[in-house]
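Got chain A; can you put chain B on it based on the hints?
Below are the chains, spelled out letter by letter.
2 protein chains.
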Amino acid sequence: MSSESEEQQLSKKAAKKEAAKLEKMRRRQEAAALASAASSLSVEEEDSYSSNYGDVTLPELKSCSKPDAGNWSIAISSMDWTRVGALTEELKEKEVLIRGRVHTTRPVSKNMAFVVVRERGFTVQCLVATHEAGVSRQMVKFVAALNRESIIDAIGMVSVPGNPIKGTTQQVEIHVRKLYCVNKAMPTLPINVEDAARSDAEIEAALQAGDKLPRVNQDTRLNFRVLDIRTPANQGIFRIQCQVGTIFRQFLLSEGFVEIHTPKLIAGSSEGLDVEMEIKKHYSEVMDIVDRLFVTMFDSLNEKCRMELEAVGKQYPFEPLKYKPKTLRLTFEEGVQMLKDAGVEVDPLGDLNTEAERKLGQLVLEKYDTEFYILHRYPLAVRPFYTMPCYDNALYSNSFDVFIRGEEIISGAQRVHVPEFLAERAQACGIDVNTISTYVDSFRYGVPPHGGFGVGLERVVMLFCALGNIRKTSLYPRDPQRIAP
Amino acid sequence: MSSESEEQQLSKKAAKKEAAKLEKMRRRQEAAALASAASSLSVEEEDSYSSNYGDVTLPELKSCSKPDAGNWSIAISSMDWTRVGALTEELKEKEVLIRGRVHTTRPVSKNMAFVVVRERGFTVQCLVATHEAGVSRQMVKFVAALNRESIIDAIGMVSVPGNPIKGTTQQVEIHVRKLYCVNKAMPTLPINVEDAARSDAEIEAALQAGDKLPRVNQDTRLNFRVLDIRTPANQGIFRIQCQVGTIFRQFLLSEGFVEIHTPKLIAGSSEGLDVEMEIKKHYSEVMDIVDRLFVTMFDSLNEKCRMELEAVGKQYPFEPLKYKPKTLRLTFEEGVQMLKDAGVEVDPLGDLNTEAERKLGQLVLEKYDTEFYILHRYPLAVRPFYTMPCYDNALYSNSFDVFIRGEEIISGAQRVHVPEFLAERAQACGIDVNTISTYVDSFRYGVPPHGGFGVGLERVVMLFCALGNIRKTSLYPRDPQRIAP
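Residue numbers (UniProt numbering), protein chains in the order written: chain A, 1 to 485; chain B, 1 to 485.
The following block holds chain A by itself, in its conformation from the complex (with noise of 0.2 Å):
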């Protein structure tokens, strides 16, 4: 563990340090980019095509209603926009206009530019020849020296090339007529979508061939998450997310849950109570809407996520997750004894440590060929005061911990809804009652026996995909060292 945390330092200050280096080169080139822009336009030519493309001014991007307010008020004022990722063959000789950002730009001769147009992780290829009716040298000269990420508009014919086009997703061409930057982004960015997007694997065959790619560390993409965000893993793992936490609603709404907000301003600490429902017997009832939830929401991951999962795989390569369609339930006891079994002492009265949950996990997956089980009747010691004891074992309580790969997911268990037997377990736990009292008086009441559990939507994410690092689900995490941006 103390060298994990080593490292997560050495990685932090080394990614400050790349960070700095960055912003440095960055300047440095923003600058000289300003100077070389400002020496081309005093020795451009006179173009009677010049119409056709250039930068849409400010005042036409105030939402102007005039249709005739600039070249690019003119050029769109009778087109509607096409979906990059709606380009495809059945759209052959057809004129479209599509808004993306500039993925990359390839400049092949005076007369001839490609440019990649990427929109929600979709990629086009583009191409601007003089050939073409309306294109001159210097809209060549213009497409080949936008800068990557800024956002254009281009009005094209759709075209099927003889040949596959490689590294784009979509299979046709747009032939050019006019294309219109809508925002310029700066020269050169403090990170590359294209190296952000990069794989170890890619970035170790490249080695091996003797070129040294970049390689852009977790706390750089942090710093700089709006362009980190851009690459194809990251949008397919926030729309991954964005399903998990649409699955969940549903699956509970259809149940007959109703979704409440809680205050995040309460004077005690307490628990997140995502999911609190009413036991009639038995706190497998829990268990049993946890397992139907989550076999639900992998199934649907599975089938409806399926080029999003495929994005997150190319760039960090999982195996898909080993489930059942019921979920294994085993007791603490029976865990404590696999361990055992295995040559891992472990106090049967404590928790389990990250290694052991681990381990365990690797033993069920061995054993019952499943990654993803219930582990219940944790010791009533390791679980919080308002756990309800078990019937026949003081010792163990009517609780559980889900599990994914072998890391904890849910924790879940019936509550104490007894306000005596709640205050004697408080006192117990050497909480005073005093500071629980709205909370143990609001059981006097009237309140059914009931239970529920916590999720993080983040860690499904993270485990679901074997991503390894919380900090690859979360938009913008926060640790005592990080509250911006």
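One or more of the hints may lead you astray.
When chains are identical, the list treats them as one kind, so a pair holds in a single copy or across two.
As the list claims (entries may be wrong) - When the alpha-carbon atoms are kept at most 30 Å apart in a straight line, the in silico DSS-like pairs for lysine-lysine are as follows:
no.: 1; residue 1: Lys280; residue 2: Lys184
no.: 2; residue 1: Lys92; residue 2: Lys212
no.: 3; residue 1: Lys281; residue 2: Lys184
no.: 4; residue 1: Lys322; residue 2: Lys66
no.: 5; residue 1: Lys281; residue 2: Lys326
no.: 6; residue 1: Lys92; residue 2: Lys280
no.: 7; residue 1: Lys324; residue 2: Lys314
no.: 8; residue 1: Lys166; residue 2: Lys324
no.: 9; residue 1: Lys324; residue 2: Lys66
no.: 10; residue 1: Lys166; residue 2: Lys110
no.: 11; residue 1: Lys367; residue 2: Lys280
no.: 12; residue 1: Lys322; residue 2: Lys304
no.: 13; residue 1: Lys281; residue 2: Lys94
no.: 14; residue 1: Lys304; residue 2: Lys141
These are calculated hints, taken from the structure and not from any lab test.
Chain B in isolation, oriented as in the chain A frame:
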């Protein structure tokens, strides 16, 4: 305005007094009830049917899996629970097991008592009478003495009485064979759900007839929210709120939005940033989304929450919201002119105060027959620095507010996406650009024109149901005087 806040202060003081009085009364009655229970216990006759009723023991409630752990465990061992809301004539002559709260009890004689059981807002009448097999006088006494809001399990036959039953939602009656108290509520509750559910009209009508019924004020309700939440109106309000959130998400997801989780912990002050979207040409695209989102939401609430809306209206009568399939849009200038025409002078470049907003709502209702409309092109000076000014007049901005029944519910705008202009606008508004450098810098990495809006879900419910007080739609409202429960 000042008289209103004085009124509020007085009502707060009154609420505190009332709560204290209730608490005293509660303690006294609790002591009396305990004493009476003890004495009745000592004179209890032998009862050969004693296994058919009684309190469920704590060991049984600890998720005991032994089917013979106690009378309750034996009675329910081979049965499933039927929801109170599902008790219809189709179940006639069938034996059912139900769980719910004791809504009211009514002893008729030593041989007969009624108990109304409530579950999720549905109520059913249960008859406990010695002419049924297995029911003793002691059981009738036990049932008649049950504390309100206690949780009970009842087993009995579904019967359809000759005359319609008054005061319950279900039109069948349960002839009880067995009845167990799963969890006891205290004998006298700080507020009675029956009192809390009463409308002002009922109280007035009773007063006219010379009968003074208790009125539970808002602060007392919030002090004992756990009980207050059980009224049919409140069950309706929070189910409607859940539906508002559900439609909100479903609509936006269907439009291709992705839900992300932003940090609650940020260094500066900021907007919630609830919905943000790319703008292709004009900020009216944002208003289009608002328009369709809310019309979809209102339609869906009227269709899917009919029972809930009825329950709310029964206690807090309101007229259904008037809205159009295509939402009315007025410019701020048009609004100011309407007010002027009605003799209300307002600053044409200032903000509207609450009074002017209400007046304009009234005028719009009279002229356009709608209580839902959008007011756009607000003066730039009254909007945040990152609001895009209008292309044709920098005194106005590409912004809008949305009103329900004369109250603002949404604030939205096109944001400035050009970093240099953003910094300029911040400076013009007296903001130190250094304090927002991360924000401004993020726009240097390429950002499309965009806009967004923020919505308060609690306000939507309050205004849709014309509830007049945000505390009615907030589960645990917070203010400087209220950080608990």
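How the hints compare with the structure:
{"no.": "1", "hint": "Lys280 with Lys184", "verdict": "between (61 Å within a copy, 16 Å between copies)"}
{"no.": "2", "hint": "Lys92 with Lys212", "verdict": "neither (40 Å within a copy, 80 Å between copies)"}
{"no.": "3", "hint": "Lys281 with Lys184", "verdict": "between (63 Å within a copy, 17 Å between copies)"}
{"no.": "4", "hint": "Lys322 with Lys66", "verdict": "neither (58 Å within a copy, 34 Å between copies)"}
{"no.": "5", "hint": "Lys281 with Lys326", "verdict": "within (21 Å within a copy, 51 Å between copies)"}
{"no.": "6", "hint": "Lys92 with Lys280", "verdict": "between (62 Å within a copy, 24 Å between copies)"}
{"no.": "7", "hint": "Lys324 with Lys314", "verdict": "within (25 Å within a copy, 49 Å between copies)"}
{"no.": "8", "hint": "Lys166 with Lys324", "verdict": "neither (39 Å within a copy, 50 Å between copies)"}
{"no.": "9", "hint": "Lys324 with Lys66", "verdict": "between (60 Å within a copy, 28 Å between copies)"}
{"no.": "10", "hint": "Lys166 with Lys110", "verdict": "within (23 Å within a copy, 89 Å between copies)"}
{"no.": "11", "hint": "Lys367 with Lys280", "verdict": "neither (33 Å within a copy, 56 Å between copies)"}
{"no.": "12", "hint": "Lys322 with Lys304", "verdict": "within (17 Å within a copy, 39 Å between copies)"}
{"no.": "13", "hint": "Lys281 with Lys94", "verdict": "between (65 Å within a copy, 22 Å between copies)"}
{"no.": "14", "hint": "Lys304 with Lys141", "verdict": "neither (42 Å within a copy, 58 Å between copies)"}
Checked against the numbered hints given earlier, this structure breaks hints 2, 4, 8, 11, 14; the rest are met.
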